[in-house]
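Asks: Protein chains in written order, with my numbering: chain A, 1 to 153; chain B, 1 to 380; chain C, 1 to 166.
The set of hints was computed from the structure by calculation and includes no laboratory data. Backbone N, C-alpha and C define an ideal beta-carbon position, used for all residues, glycine too. Take these hints with a grain of salt, some might be off.
[Claimed, not checked] Not everything, but these chain B residues come out facing chain C in the computed CB check (under 8 Å): (1) 74; (2) 119; (3) 131.
[To be verified] Calculated lysine to any residue pairs in the SDA-like style (CA-CA distance at most 20 Å, straight line): (4) 39/A with 3/C; (5) 10/C with 137/A; (6) 10/C with 129/B; (7) 40/A with 5/C; (8) 47/C with 42/B; (9) 40/A with 6/C; (10) 50/C with 45/B; (11) 39/C with 139/C; (12) 39/C with 9/A.
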Amino acid sequence: MKAPTSVEPMSQRMTVTFPYKHSTGEVTGRFLAGLKEQKKIWGRRIAGQGVVVPPNAYSEIDAKTGGEWVEVADQGTVTAVGVVAQPVKDLHPSTEPFAYVLVKLDGADTALAHLVLDRIDDIRVGSRVKAVWAPDEERKGTIRDIACFQLVG
Amino acid sequence: MSKLRNVAIVGFAQAPIVDADPHHTAPEMLYPVVKQALASCGIERKDIDYQCAGSSDYIDGRAFSFSQVLEVMGAWPPVQDSHVEMDAVWAAYLVWVKMQAEECDTAIVAGFGKCSEGSPTHVLNLQLDPFYHASLGLDHISTAALQASAYMAKSGVDDAGLAEVVARNRAAGAANPDTQLRKAASAKDLQGTPFVTKPLREGYLPPIGETATVMVLAVEGKAEKMCDKPVWIQGVDHRIELQTIGSRDLTQSASTRLAARNALEMASVTSAREAQVVELGSATPAEELILRDALGLPSGLGGNGASADGPVVNPSGSPLCGNPLMNTGLLRLAEGFRQLSGRAGERAVAGAKRALVHASAGHCLQQNIVWVLGTERRWT
Amino acid sequence: MNEPPKDRIKYVQTDLHLPYHYYAGDYKALYLNALKDKKILGSKCSKTGKVFVPPVMSSPDAHAPCTEIVELPDKGIVTTFCVVNVPVFGRDLELPYVVASVALDGADISIYGLVQECKAPEVEMGMRVQAVWKPDGERLGEHTDIKYFKPTGETKAPLESFIHRL
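Pulled out of the complex, with its shape left as it was, chain A reads as follows:
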């Protein structure tokens, strides 16, 4: 019998599921606690970068630890915007069109990635946005303790 030149394809679907509990460490863990307990956004002053939001445990420039905690405002300027017209199932935070933004919060030198859910066609680079906090009982210590950002004015 000769090797197959063409055979009816056989296939199998499988969803690989992995549960992960990622350890946050001191810096990320305290930043997230700041969102949950205080409704405050904290950055860290890092040599060569300024005030880094969101903060990491090590400098991404020279890998040094340390750095003073600095509170930043919960509003800032959009530095980048992508309006998701076709939300992806089981991935995106909304089934309706929404926007991803990078926001340089007042007092920060780096931009935070987040979402805008309303007036998405009005957002531009340079727009001013303000955090919308999740209600007290819904804040769990994740980046979504900030529910989203919304346009100011």
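Put chains B and C on the given structure of chain A with help from the hints.
Replies: Same frame as chain A, but now just chains B and C:
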């Protein structure tokens, strides 16, 4: 610059790039390509000292996925082999480094990844940190869109400009039998396609297809016996930027600028404009414009910089005509090989003696590798 | 307060759900479909004549194409085996049970199968075995269409006849 070993690309073979091949597993796609690449050099598997593959377990949906191709690359007699959880162009870089360390003289590099079997969108989200970025559901098109919007705000490039970049790559792809999208498209038609994540439209984003690729490399002394026109690696450098997208200036590719500077210096070449061919690993039109800026090349928009003495950029059509993950970068290096060794058919850039090749990995051009290839040996 | 709380959030939970759609490829599809008909297929190396089960496109040692498909009998030899004494996630078998590497007559490598219808201590390297299939109508084109192998009672095979076919 100390003297390094002259290493050449002496052969390349690939399977057609398709949306999906339901009749062949990854090793079955790769096996005929391995045979073809070896045959093109007039050698057998036993003439190879080293092998390295580029692939991703997450794309394949298999742990230790690379082990499935060991026997089709050749498992007997055993040779040293290695793997990078990256595009195969980095397997080629690893091989180049091994040759500089005198650990091998001849090698094959393989790329594979049946992207149709999984969801690249869900997988590429996992390249981001779980705390601040992946948990927002950021996908690779959305992060690319963020970069594009920042670039457009700074440079003034508009939607029509993005469409123009894609249209000229699609025109090149139409003349390339080895790419996936081989039909030209007008900027107007592309602008008429709906947004996926604004400012990136469907027409601006390539299909993520699948293929298998094999490249053969050899050192001076052996390369000449394996290829009529070996293409010499004159310089190479690889640089990585921060993972946090908001902490980088997304409007420029600092790591491409630095990698190019280092690779050109190694090659003793002043600028990218001294190459006759440039291949960029850009998967969106904004990425191409950012990379051109980083390499000191004109944008080419509205006829700007289209001069007889500048390099031809993306004669292959670039990844905009097909982005088979894990192979995309190696295909750029292969285009450099094809162009400089007289194997580029109808799309050959006449008189090409030097090529600059770029490839990228990670969100928003996080890592970049730049190669300088030439028809002449760098070190004598 | 000039710092965030000292009591940190310790974990961020991420539950990954990655969808995959695996294709068997023509060689494995041919093999799996044949199991429905109680047929076991292999492929033969064009250079050495070695027979591989399940069939492969290229020979792992000779690196040559294996283009000829051959049919093998559903009996062979236990080359090596192990006795499992602990429960395994996803497997619901009475303990202890035996998993063996079975070299079918004519094959140069072995396939995996359970050995049943005998006690675990009775299994030996070289033991001759016969496949026991799922009944007609229940075979789906999966490796488990062979429920297990059972001893035939014939004299065990000498070591030289299977040591290179593990």
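Asks: Check each numbered hint from earlier against the structure, then list the numbers of those it violates in ascending order.
Replies: Going through the list in order, the structure violates no hint and respects every one.
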